[in-house]
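*Asks:* Here is how the chains run, residue by residue.
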Amino acid sequence: MRQSIKTILLLALTSFNTALQAQDDLLGLLGEDKPKKEYIKAAFKSSRVINAHSMEFINPGTMDFRILHRFGNIDQGLKNFFGLDQASMRMGFDFGLRPNLMAGIGRSTFKKEVDAFIKYAPLRQSKGPGSFPVTVAFVGAVTVDGLPWADPTRQNYFTSRMAYYFSAIIGRKFNDAFTLQVTPTVVHKNLVQLQTDPNDIIGIGVGGRLKLNKRMAFTWDYTHVLDGLPTGYYNPLSVGLDIETGGHVFQLHVSNATGMNERAFITETTGQWGKGEIRMGFNLSRMFQLKKKKA
Amino acid sequence: MNKFITLSLLLIGICSSAFAQKYFTKNGSISFDATAPGSPENITADNRTVQCVIDGATGNMQFKASMKAFTFERALMQEHFNENYVESDKFPDAKFAGSISNMSAIAMDKDGSYPATVKGKLTLHGETRDVETTGKVTVAKGKVTATANFSVLLSDYKVNVPSLVSDKVSKTAKINVSCGLEPLK
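So the protein sequences, as listed, match chains A and B.
Quick note on our numbering: the first sequence kicks off at -5 and runs consecutively.
Quick note on our numbering: the second sequence kicks off at 675 and runs consecutively.
If you are wondering where the hints come from, they were derived from the structure by calculation, not from laboratory data.
Any given hint might turn out to be false.
Said to hold, decoys possible - Think about it this way: if two alpha-carbon atoms lie no more than 27 Å apart in a straight line, the pair counts; the simulated DSSO-like pairs of lysine-lysine are:
id, chain 1, residue 1, chain 2, residue 2
1, A, K31, B, K769
2, A, K208, B, K764
3, A, K35, B, K764
4, B, K742, A, K31
5, B, K832, A, K35
6, B, K845, B, K795
7, A, K121, B, K845
8, B, K742, B, K845
9, B, K810, B, K848
10, B, K832, B, K842
Unchecked claim - Between beta-carbon pairs, the in silico distance windows are:
id, chain 1, residue 1, chain 2, residue 2, range
11, B, L838, A, D69, 28 to 36 Å
12, A, A171, B, K784, 55 to 63 Å
13, B, N834, A, E271, 49 to 57 Å
From the three backbone atoms N, C-alpha and C, an ideal C-beta is built for every residue, glycine too.
Turn these sequences into a full structure, and let the hints steer you where they fit.
*Replies:* Quick look at the structure:
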């Protein structure tokens, strides 16, 4: 009899104990959360590093209205207010179609050029089960020169105005602060200035950002042209500061490049950093939500 | 001696019945509104994957909401919410652990609407603060629904609102909790 009482007491105590423990961790009763695959976001504040496309995509259902300005050379001094008297601009609209697909169109005052691109990432950096360490994205674009024909006596076709560029972006957000990407790009021009100029120019871009605080980041964007850059043209290097304020991103920078699409800044940069032929510029990005999210 | 056995059995009985009286959900809803007065944009979001367990015997309750599961009307707002405001990578969940202090007045097995006084600790953005509010427990045809509204001061949880957006984002967030609960087996 004594034995059975002891057993019952023990049983009662243990069940009471488990009940107490369960009260301490009620959520534990629901079981562990399954880890989910999660895509890395906000590798860059904007879909461009400065000039070059970044590994970042704008959200689906949003439109990014971008106004880009490049001023004159700083070395012109007070006469031209350090270049601010002259401005070259590009106005563009980018559309987020899918989390890994976006497209955009823009027009630059430089060469009255219209450009359109599509950017797609077959692989995106992610964490959790089935994660992938980098984002791989491709950009394809076409540009159309809008200037009067340089040589009207030549048999000119519409395609003579056109050029194309293709970029592959391989990028990784290493941590909250640091992102780095490498961007091999090939630019093809249907018509070039001189017979000796190549139609294809290949460059390798290196872009990155270092976040300074929650709303500011230091960025750099350099493209090294491997072969075929005619004399008088130089590799574009830009360094800048991204400032994010709610729906806007301001990208302030100094650069030796004036062009605001890959064809223009990779193949037609005439400034030299060494000679102080650099200019101020800014990209202004305003995000609009076109499609309301389903609640 | 017989008395002792009965008592022990009763004790076991109480314990196991306490087990049966737990209620839970994995798709509760928490929404918040941090819109500043006169703001042109609504700063609102909701999360419909909130986990909640309430112990019907003791009134103890726990909530967990994954911060990344809060969806906003504007995708960019959601990105900024996670990246700059609540820092979801560092602090993935908001948690509440507390109890209904007047649990004895709430009959979970009887239809009715019962006011509930809730006290506990809310952990958000890595900061834990005491929260006290009144909510409601509604029992209808065996379905238990728990709702509550309360406000939190964002600065209490070290969620910074830069002055540049202070005309849009309020200093306080009104929080709305609604959970349809099922008995936990």
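*Asks:* Decide, hint by hint, whether the structure agrees.
*Replies:* Here is what the structure says about each hint:
no., hint, result
1, K31/A <-> K769/B, "holds, 22 Å"
2, K208/A <-> K764/B, "holds, 14 Å"
3, K35/A <-> K764/B, "holds, 14 Å"
4, K742/B <-> K31/A, "holds, 13 Å"
5, K832/B <-> K35/A, "holds, 23 Å"
6, K845/B <-> K795/B, "holds, 20 Å"
7, K121/A <-> K845/B, "violated, 33 Å"
8, K742/B <-> K845/B, "holds, 21 Å"
9, K810/B <-> K848/B, "holds, 17 Å"
10, K832/B <-> K842/B, "holds, 18 Å"
11, L838/B <-> D69/A: 28 to 36 Å, "holds, 34 Å"
12, A171/A <-> K784/B: 55 to 63 Å, "holds, 56 Å"
13, N834/B <-> E271/A: 49 to 57 Å, "violated, 41 Å"
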